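> One-letter residues, chain by chain:
Number of protein chains: 2
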Amino acid sequence: MAERVLIVGSVALDDVKTPQREARGVLGGSAVYGSVVASHFAPVDIVGIVGDDFPAAHIQLLQSHGVDTRGLEIVKGGKTFHWGGEYLGEMNEAVTHFTELGVFADFRPVLPAAYRADGFVFLANIDPELQLQVLDQTVRPRLAICDSMNLWINIKREALLAMLRRVDVALLNESEARLLFETHSLPKAAAGLLGLGLKRVIIKKGSYGAQMFSAEGTFAVPAVPLEMVADPTGAGDTFAGGLIGYLATRPVLDETAFRQAIVVGSACASFVVEDFSIARTAALTRPRIAARCRKLLDAIRCDPVVL
Amino acid sequence: MAERVLIVGSVALDDVKTPQREARGVLGGSAVYGSVVASHFAPVDIVGIVGDDFPAAHIQLLQSHGVDTRGLEIVKGGKTFHWGGEYLGEMNEAVTHFTELGVFADFRPVLPAAYRADGFVFLANIDPELQLQVLDQTVRPRLAICDSMNLWINIKREALLAMLRRVDVALLNESEARLLFETHSLPKAAAGLLGLGLKRVIIKKGSYGAQMFSAEGTFAVPAVPLEMVADPTGAGDTFAGGLIGYLATRPVLDETAFRQAIVVGSACASFVVEDFSIARTAALTRPRIAARCRKLLDAIRCDPVVL
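Here the protein sequences line up with chains A and B, keeping their order. Using this note's numbering, you'd call the opening residue of the first sequence number 1 and step up by one each time. Using this note's numbering, you'd call the opening residue of the second sequence number 1 and step up by one each time.
Hints were generated in silico from the structure; no laboratory data involved. Here the structure is a predicted model, which means the values were calculated and not measured. Don't take each hint at face value.
For chains that are exact copies, the list does not tell them apart, and a pair is met inside one copy or across any two.
[As the list claims (entries may be wrong)] DSS-like cross-link-like pairs, simulated, lysine-lysine; straight-line CA separation at most 30 Å:
1) Lys17 - Lys79
2) Lys295 - Lys199
3) Lys17 - Lys188
4) Lys199 - Lys188
5) Lys295 - Lys205
6) Lys205 - Lys188
7) Lys156 - Lys205
8) Lys17 - Lys205
Bound-form chain A, shown alone (with noise of 0.2 Å):
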């Protein structure tokens, strides 16, 4: 039996501009790209904040997937995070045209009292010092893991690495590991956010997979190629669910569980970017997702060399 995964990030409303493409006010947000994936894991218990324009079909999609959306405050008149932005080209980032926070401003997560008890959270990309406040209202969980941005490197930075020390796994892209140790080098970004006390490092390549980083070695893998990306929006988060989603069905948090986890976000992620907005991850199964981890296991492959 998988245990219960406590999600907490942003709700939102996209604007999505591809080069093939354009979607409008489509649900989005790292809580839920997160949540999604996760639910075909484990049970989630999701924490965010919405206006009260956010439709009322959002919330029993999320609940259709055995998500407890009491964690979702809704504001009277208020108006929901409200993001738009557009890729061009190898769609390795957006370009952001507006950032409507509007109730996210705000924010400020309390748990239900039923929630504090989850083994397993995720504390998706917020400001560190709400991340803290969300570390504080929980019950020694058995796995804590955070995402960050550069803006709260810049300007949070001591919140943030105190959030790091409190966390287990920090899933951070390239560049953001690289700015927090304002080094080149990836290895040495990472034994610097090992160096502050976490267990593990997972960093996010985009196209180019991700690695981990232990004090047990590196782990690599590949994105799973594609032929074609509809829109990369949520990729990452939907890799921290299918992760966070998979270890909570785990006797064993180790070594092994983790690469294991990493083959499955990857495979999660490979799906979220075939479609707009959660499209394609709310319509996923395990066989399938079963399906594309044995696709990217066999893409890493290799005997040992003949020497």
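Fit chain B to the known structure of chain A by using the hints.
Structure of chain B alone, referenced to chain A:
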């Protein structure tokens, strides 16, 4: 017993500057980087051209590695190809300060009769018309691998395509593969190359490792994580030299052998960048290469996921 490996390319003297150090007039060139490392696996025949300013010690060094230098033309009164460049920041790409082609401008590769039946051929990056001339002088090698560069894609596209249709494996940088087929998608570029009749396409991604595409699927390895890169010059040619050298030891050139060879090539490339020129690869031993291959294989090892 390993078969003979023919390597055709540049033989050069390099001036290299990095954020840490600077070296002037050191031994370089694609054929040199490839030959030195391939010599740890198989007997090598080199074809290249130098001026009589080329130090005899460099030729002796090649010979001390069992490299047959009868194919190295020495032009009386001529100047050896001299390249000067600098690496900045993450050192992913060199900024060229000068390129003095010297005798290399008139390079017309002629294979000594003893080289023509070599079973393994690596055509390093030279004018594709010259690569075709080399192929014309060979007698059905078991394996022909080519490299190329943006310059030839831009100014000699037809000759390049003709050459690609006559080799078994293309080794290209990611940006070159994308440029050749004018696509942002690496799988599409790889499919385009395979469509030319190539059996395999191996894409070099610098610090992100390498990825092979074939009818049998894809295989990806990360680069060996290094705390410090002294000088990236020659990494791609060293990868190629290790790859073809290893393959020359294998009885069957199947998917298994190619996957192993990519690991060997990556291991060799991880050595060459730890110092300038061929300082590290000249001093290699098979057990040291094998140890680094095990390290790299450990970084991609993963059990099946439990779903």
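> If a hint holds in the structure, say so; if it does not, say that too.
Hints, verified against the model:
{"no.": "1", "hint": "Lys17 - Lys79", "in the structure": "within (22 Å within a copy, 55 Å between copies)"}
{"no.": "2", "hint": "Lys295 - Lys199", "in the structure": "both (28 Å within a copy, 21 Å between copies)"}
{"no.": "3", "hint": "Lys17 - Lys188", "in the structure": "between (36 Å within a copy, 22 Å between copies)"}
{"no.": "4", "hint": "Lys199 - Lys188", "in the structure": "within (15 Å within a copy, 38 Å between copies)"}
{"no.": "5", "hint": "Lys295 - Lys205", "in the structure": "both (19 Å within a copy, 21 Å between copies)"}
{"no.": "6", "hint": "Lys205 - Lys188", "in the structure": "both (16 Å within a copy, 20 Å between copies)"}
{"no.": "7", "hint": "Lys156 - Lys205", "in the structure": "within (23 Å within a copy, 34 Å between copies)"}
{"no.": "8", "hint": "Lys17 - Lys205", "in the structure": "both (22 Å within a copy, 28 Å between copies)"}
Checked against the numbered hints given earlier, the structure satisfies every one of them.
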